[in-house]
Structure formats: C-alpha cells, structure tokens
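Chains as they are written, first to last, in my numbering: chain A, 1 to 258; chain B, 1 to 450.
Hints listed in this document are in silico derivations from the structure and should not be mistaken for laboratory results. Treat the hints with caution; some may be incorrect.
[Stated by the list, open to error] Straight-line distance between alpha carbons at most 25 Å, and here's what the computed BS3-like set of lysine-lysine pairs gives:
no.	chain 1	residue 1	chain 2	residue 2
1	B	Lys-379	A	Lys-109
2	B	Lys-151	A	Lys-47
3	B	Lys-151	B	Lys-428
[Stated by the list, open to error] Using C-beta positions, here's what the derived DEER-type ranges look like:
no.	chain 1	residue 1	chain 2	residue 2	range
4	B	Gly-311	A	Glu-206	42 to 50 Å
5	B	Ala-46	A	Lys-209	22 to 30 Å
6	A	Asn-95	B	Thr-164	20 to 28 Å
7	A	Ile-55	B	Phe-218	35 to 43 Å
8	A	Lys-209	B	Thr-412	54 to 62 Å
9	B	Ser-109	A	Arg-54	26 to 34 Å
10	A	Glu-206	B	Asn-75	20 to 28 Å
11	B	Trp-274	A	Ile-55	54 to 62 Å
12	B	Ala-46	A	Ile-55	17 to 25 Å
13	B	Asn-43	A	Asp-194	33 to 41 Å
14	A	Thr-183	B	Ser-109	22 to 30 Å
15	B	Phe-218	A	Glu-198	41 to 49 Å
16	B	Asn-75	A	Asn-237	20 to 28 Å
[As the list claims (entries may be wrong)] Here are a few chain B residues that face chain A, going by a calculated C-beta distance under 10 Å:
no.	residue
17	Leu-24
18	Val-121
19	Arg-158
20	Lys-160
21	Arg-277
22	Ile-303
23	Gly-311
24	Asn-378
25	Asp-380
26	Leu-415
Everything numeric in this text was worked out from a predicted model, so none of it was measured. By construction, the Cβ of each residue, glycine as well, lies at the ideal position given by its N, Cα and C atoms.
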Amino acid sequence: MKKKIIITAAVLIFLTASAYSQTAREISDKSSNNITFKSMETALTLKIYDAKGRIRIRQVTTASKKFGAVTKTVMKFTAPADVKGTAILIYDYENKDDAMWIYMPAIRKIRRIISSEKSKNFMGSEFTNADMSKPNMNDFNYKILSSETYKNRLCYKIETTCKNEDIEDEYGFSKKIVWIDKTTYLCYKIEFYDFDGELHKIQTIEQYKKQANGKYFAFYMKTENKQNGRQSVMSINKFQLGSALNENKFTPAMLEKL
Amino acid sequence: MIKKWFLLITLFLIVIISTYGQSLFENNITKPDSVKNRTIEFNGYARASAFGGTKLFDYSSVFGEFCLKSKLSKNRTFLYADLRFRKGLNFDKEYSDFQLKEVYAGYQSNQFDLFLGNQIVTWGRTDGFNPTNNITPNDYFFLTSDFDDQKLSNFMLRMKYRFTPVIEIELIGIPFYSPSVYRYDLFNINGNVIYDKAILPEKTFKNASAATRLNFEFPKIGFSVSYFRGYNPFSGFNVQSIDWSTGTPLITNAATAYLKNTGGLDFALPINSWIIRGEAAYNITENYDRNMYIPNPDISYVIGLEHCFLGITTIFQYVGKYTVDFSELSEPVLPNPSNTAAQMQYAENMIIYKSSIFNRKMFYQQEETNRAVTLSLNKDFFYDKCKIELSGYYNITSEELMIRPKITGKITDMLSASIGGSYMKGPKNSIFNYSAPVLSGFFTELKANF
C-alpha cells in the first residue's frame with residue numbers, strides 16, 4: 001500500500017513538474033499548431049458595430065492551402081455590392097514578408113500590394129490583417145504570468161511581447177495577454193495593449209469544433225475595442241476541411257476569374 | 001459477402017471523392033443551379049454624377065445613370081454584359097445614351113481562356129501612366145469622379161494560355177479600330193478653327209490591330225514583355241483645309257489615326273515595405289516627318305515607388321519620354337511683306353507650324369527629353385468609411401500642373417458619396433492652359449450599389 005502511494009505521488013509530481021517545465025513559447029506553439037490547418041475553405045460573415053451599435057455586414061469566402069513552405073490564401077468578397085468581386089491573394093511565408101495581390105473589378109487590374117501592414121484593420125473591422133494569418137512565432141517573447149480560470153476553463157495566462165519597435169509597428173500592439181486552456185491548448189481570450197501599455201482590444205474566441213484531422217477550428221470570434229466602444233464579430237457560416245482547389249487557383253492570374 | 005464489402009467500399013469512395021471533388025469556395029461564390037450547373041448573377045448601381053463649374057461650362061457633365069452588370073455561366077463558358085443607361089447634360093448639351101460598356105462571351109479553364117466581344121483591357125503595372133497600354137480607347141471628356149469611367153471597350157478576340165500557373169501569354173486581335181474621344185472642338189484655341197469628322201482607317205483586315213503579352217507573376221517579382229501593332233486609339237490631328245473665301249483663314253482640322261508598333265515591358269518588385277514599379281515602351285512610327293498627326297518614334301517610361309507612410313499610401317512616379325530623331329520646328333518667316341501671295345503662303349505655313357507644335361504638345365514630344373513627376377496620396381479614415389485621395393502631376397518640361405483632391409464617404413454599405421475637384425494650370429499656349437477652362441472644375445457623385 002505504501003509502495004502504491006509513493007508511486008502515485010511520484011507520478012503526480014512528475015506530471016506536475018512536466019507541465020510547469022513547459023515554457024511559455026512551447027505552450028504558445030502547441031496552441032498555434034492546434035488550430036493550424038494545411039488546407040481549408042470557409043464562408044464567413046463579418047459584423048462591424050460602431051460605438052452607437054450601428055451595424056455593417058461583410059461576407060467573404062476564403063480558401064487556404066499549404067504548398068511546401070508557403071500557405072496560400074485566396075479571399076473573395078461576396079457582399080456588400082460595392083466590394084463584391086474584389087479578391088485578395090496572400091502568400092504567407094514563415095520567415096519573410098508575405099506576397100499579396102488584389103483584384104478590383106472596377107479597375108480590371110491585378111495589382112501587387114504592400115504586405116507588411118499587419119496592423120491595418122481588416123475590412124474596416126476591429127480585426128486586423130494579422131488576425132487573418134498565422135503570426136511569425138519568432139517575432140515575440142513569451143512569459144507565463146499565472147494560471148487563471150476563464151469561463152470554467154483552467155488556463156495558462158501568457159504574456160506575449162513584441163521583440164522590438166519595428167515588430168510593434170507591424171502588428172499594431174506592444175504586447176498581448178493570451179488565455180490558453182491547459183487541457184486542450186486552445187486560446188479563448190486575448191487582450192491587446194497599445195504602445196503606451198493601455199488595454200486596447202479584447203478578442204474572444206468561441207465555438208471551437210474538433211475536425212476530422214484532430215485540429216480545432218473556431219466558428220466565432222469577437223473583438224471589442226475598449227478605447228472607442230466599437231466591436232466586430234466574425235462568424236463562420238460554412239467550413240470545409242481540405243480544399244479541392246489546385247495550385248493554379250492560388251495564382252494572381254486567377255483572381256479576376258473567381 | 002465479398003460483393004457486399006465491395007459495394008460498401010465503392011460507395012465510401014464515391015462519397016469521399018464527391019466530397020473532396022467539390023469546393024466550398026467555388027460553390028459559395030457562384031451559387032450554381034444544382035440541376036443545370038448554371039449560374040446567373042446581376043449587380044450594378046445607380047448614380048448621379050456632376051462635373052462642372054469650369055470657366056467655359058457650368059455643366060460639363062451632369063447625368064443620372066443606371067448600370068446593370070450580368071454574368072451567365074455554365075461550366076466553363078460564360079456571357080458577360082455591362083449595360084449603362086444615362087441621361088443628362090454633356091458640355092451644356094442634353095443627351096440620353098445607352099452604352100454597351102462591355103459585352104463578351106468567354107471560355108475559361110485552368111490553362112486556357114478565350115474571350116470574344118467588346119472588352120476593356122488594361123495593361124501595365126504603373127499608376128495612371130501606362131506606356132504599354134495601347135489596346136483600350138478612352139473618352140477623355142467623360143468627366144466624373146473616377147478616371148476609370150473614361151475607359152471604352154473595343155471588339156476583340158482575346159486568348160490567354162498559361163504555361164505554368166505564373167507564366168501566361170495573352171494574344172489579342174482587334175479587327176477594326178476604335179478611337180479615343182478627344183474633344184479638340186471644346187478648346188477655345190482660335191475662332192477660325194473647326195474640327196471635321198475624324199479620319200479613321202478603313203475597316204479592312206490589313207488595318208486590324210494585334211497585340212501580345214508574356215506575363216510572369218512570381219512572388220518575388222512580376223514582369224511582362226509586350227508588343228502592339230496597330231492604330232493608336234489616341235490620335236493627333238491634321239489640317240484638312242484652309243479656306244480664304246471670307247478673307248480670314250478658316251481652318252478645318254480632323255483627328256487622324258496613325259499606325260504604330262510598340263514593344264513594351266513592365267515590372268513590380270516588392271522590397272520589404274516598398275514596391276518599385278516600372279514600365280517602358282518603344283513606340284515606332286513611320287512618315288512622321290511628313291505628317292503632323294504622326295508622332296516621332298519615342299521611348300516612354302515610368303518608374304514609381306510605393307510605400308505607406310503613417311498609414312498614407314504614397315506613390316511617387318517619374319514619367320519620361322525620349323523622342324527619337326527629334327528636331328526643332330522652324331518658325332516660318334515672311335520674305336516679302338508687300339506680296340499678297342507671299343503673305344497667304346506665310347499664313348498657311350504659320351498655321352501648319354502652329355498645328356504641328358500643338359500636335360507635339362499632345363504627344364508630349366515638345367523637347368527631345370520630356371519629364372514629369374506624379375504623386376498620389378491616399379488614406380482611409382473612420383474604419384474605411386472615408387477615403388481621402390490627392391493626386392498631383394507636374395510636367396517639368398512644359399511646367400504644367402494638375403492637382404486632383406477627392407473625398408469619398410460611405411454613407412451606408414450600399415450608398416457612397418464623393419466630392420472633389422480638378423485644377424489645371426500651365427503656361428500660355430500649353431495644353432493645360434487650353435484645357436483648364438474646360439477641365440478645371442468640381443465634381444460630386446452619389447452612388448447606390450446593388
């Protein structure tokens with residue numbers, strides 16, 4: 001009996017120690033990998049509320065697929081009418097600047113655009129371009145602040161700080177605090193802080209659904225701007241694991257044909 | 001038992017293949033009719049547009065317009081139509097107009113595209129000034145808040161073939177000529193000048209235009225080489241006759257199309273947060289020394305830099321032109337002022353001289369080397385609800401200046417309004433000096449999309 005207790009205690013100590021021995025970076029990597037898909041297609045609705053509660057609605061269809069070291073994403077705006085037909089192609093590289101092209105039906109031209117503005121708002125919402133792609137994990141320093149319960153989930157509370165001012169400018173925040181579920185490694189809440197260290201935005205992520213490949217996909221994201229009272233909600237109407245589109249479809253020439 | 005398993009596996013494979021063979025992305029953007037695999041889409045807008053307040057015209061271009069765009073697709077084929085119904089005032093004259101902006105049929109596949117009909121084609125990677133873009137004519141006097149409204153379609157057969165996803169060749173055949181619209185008659189140059197009907201090439205096979213472009217779009221750089229052979233949509237004018245019957249010369253001019261060959265190249269090169277764009281064309285013409293409406297051969301080029309400063313998208317461009325075989329025109333002299341015949345000859349020579357000078361101004365061939373700079377600034381405010389644009393152009397050679405500010409606001413998702421102006425200034429007898437009384441003014445537009 002004594003032996004049994006010792007073994008159980010040893011196992012518990014080992015498990016606890018191994019949990020705490022995970023660095024903040026490892027936890028963040030796990031969390032990121034947990035929601036990274038090699039290919040997928042979505043149809044989403046973006047609701048943008050201003051401070052007075054007035055709403056604007058955007059609809060976008062996206063397809064994303066990894067080819068070698070680059071993840072290629074194509075987005076097509078389907079509503080409202082004034083942006084319908086606009087298409088964007090992004091080549092998301094791990095360790096170098098993305099390549100981006102845009103096609104606007106009105107000018108009938110596929111145009112290469114500057115890709116470095118990750119901090120720029122996405123379609124006039126509180127989401128940023130950075131929210132639309134996987135961040136470069138090497139751009140940040142990571143620190144475990146504490147353990148905290150968020151919506152009945154025991155979470156790691158991790159502070160993620162931009163490594164330098166250039167990166168701060170690129171992403172549009174100085175640091176973020178991230179709540180990652182200790183069991184599933186899914187991120188449920190992010191607080192973004194501005195360059196003065198003041199709370200700027202709170203992003204909440206909900207409705208994770210486990211997909212056939214074992215990864216999770218969030219069907220609901222909300223970002224509230226605590227400084228101006230605006231908020232934006234992104235909800236996924238349709239999701240498809242994998243993409244039937246071949247590499248030809250992820251080329252600039254195809255943007256005008258979508 | 002084996003048969004049962006075989007059937008189950010077959011059924012499973014069919015389900016898997018049919019699931020993965022479909023694309024949510026493609027289905028969601030086309031919404032096909034599930035029975036006939038056919039889609040039909042309608043969209044468009046209604047707008048009220050006003051451009052006016054110029055020195056010569058209170059109402060340069062004021063109209064209401066309804067635009068209907070429709071696309072009928074089935075499998076890889078489609079029909080596309082962009083129809084415009086317009087009624088209003090154009091340079092103080094009432095008009096109502098039905099325009100087929102674009103109407104064409106097409107076939108598209110991963111490797112090969114074919115389009116036939118009235119299309120608008122824009123080549124080139126620089127902004128506003130595209131020396132390689134010789135396909136599409138423009139109505140330079142259709143004045144609205146957006147320069148893109150000036151593009152006109154022409155009938156053509158257009159094919160694209162992709163050797164790889166990022167390398168494609170485009171071939172265009174234009175069976176007959178469509179000119180740009182340039183209203184010389186509106187310029188208050190001289191009361192004794194009238195403009196006759198434009199002289200266009202006969203609609204014959206030998207006067208058809210052909211163009212090709214080999215385009216490369218790599219992640220690190222995009223570039224193309226192109227060739228155009230045909231009549232330039234933008235033409236000069238010729239002096240048709242000088243009538244002395246009233247004692248003072250009555251000059252009849254006519255826009256006259258000319259043939260040219262153009263070899264072009266363009267590129268866009270992203271470097272960190274900058275994009276360098278460039279475009280150049282070598283224009284080859286013949287008989288330019290005997291015809292004032294034909295420009296000399298030239299090398300036209302544009303080099304531009306794009307960067308975002310404090311959220312302001314900034315595009316700076318240097319626009320240059322080197323005129324090949326350039327020689328100064330000599331002003332006629334009057335050898336014998338007391339001889340009436342000599343006086344008339346002198347006057348006619350002077351008319352030819354002045355008209356040739358004017359054509360050179362139109363072609364930006366006033367000097368052997370002509371230089372200009374452009375600056376474009378634009379920024380979105382209030383979460384993309386408001387956009388402020390400022391475009392400037394300064395011709396270093398001729399000292400002409402144009403400034404065009406514009407503010408666009410989105411009142412709702414469907415309704416937008418814009419307001420702005422166009423200001424032109426140039427030295428006496430410059431093109432901008434002639435144009436300013438017609439084109440320097442204010443514009444506003446209210447547009448509802450559906």
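Outcome of the hint check:
no.: 1; hint: B:Lys-379 <-> A:Lys-109; result: holds, 20 Å
no.: 2; hint: B:Lys-151 <-> A:Lys-47; result: violated, 35 Å
no.: 3; hint: B:Lys-151 <-> B:Lys-428; result: violated, 30 Å
no.: 4; hint: B:Gly-311 <-> A:Glu-206: 42 to 50 Å; result: violated, 31 Å
no.: 5; hint: B:Ala-46 <-> A:Lys-209: 22 to 30 Å; result: violated, 42 Å
no.: 6; hint: A:Asn-95 <-> B:Thr-164: 20 to 28 Å; result: holds, 25 Å
no.: 7; hint: A:Ile-55 <-> B:Phe-218: 35 to 43 Å; result: holds, 41 Å
no.: 8; hint: A:Lys-209 <-> B:Thr-412: 54 to 62 Å; result: violated, 34 Å
no.: 9; hint: B:Ser-109 <-> A:Arg-54: 26 to 34 Å; result: violated, 44 Å
no.: 10; hint: A:Glu-206 <-> B:Asn-75: 20 to 28 Å; result: violated, 40 Å
no.: 11; hint: B:Trp-274 <-> A:Ile-55: 54 to 62 Å; result: violated, 37 Å
no.: 12; hint: B:Ala-46 <-> A:Ile-55: 17 to 25 Å; result: holds, 24 Å
no.: 13; hint: B:Asn-43 <-> A:Asp-194: 33 to 41 Å; result: holds, 39 Å
no.: 14; hint: A:Thr-183 <-> B:Ser-109: 22 to 30 Å; result: violated, 48 Å
no.: 15; hint: B:Phe-218 <-> A:Glu-198: 41 to 49 Å; result: holds, 43 Å
no.: 16; hint: B:Asn-75 <-> A:Asn-237: 20 to 28 Å; result: holds, 26 Å
no.: 17; hint: Leu-24; result: holds, 4 Å
no.: 18; hint: Val-121; result: holds, 8 Å
no.: 19; hint: Arg-158; result: violated, 12 Å
no.: 20; hint: Lys-160; result: holds, 8 Å
no.: 21; hint: Arg-277; result: holds, 8 Å
no.: 22; hint: Ile-303; result: violated, 16 Å
no.: 23; hint: Gly-311; result: holds, 8 Å
no.: 24; hint: Asn-378; result: violated, 13 Å
no.: 25; hint: Asp-380; result: holds, 8 Å
no.: 26; hint: Leu-415; result: holds, 9 Å
Checked against the numbered hints given earlier, the structure breaks hints 2, 3, 4, 5, 8, 9, 10, 11, 14, 19, 22, 24 and satisfies all the rest.
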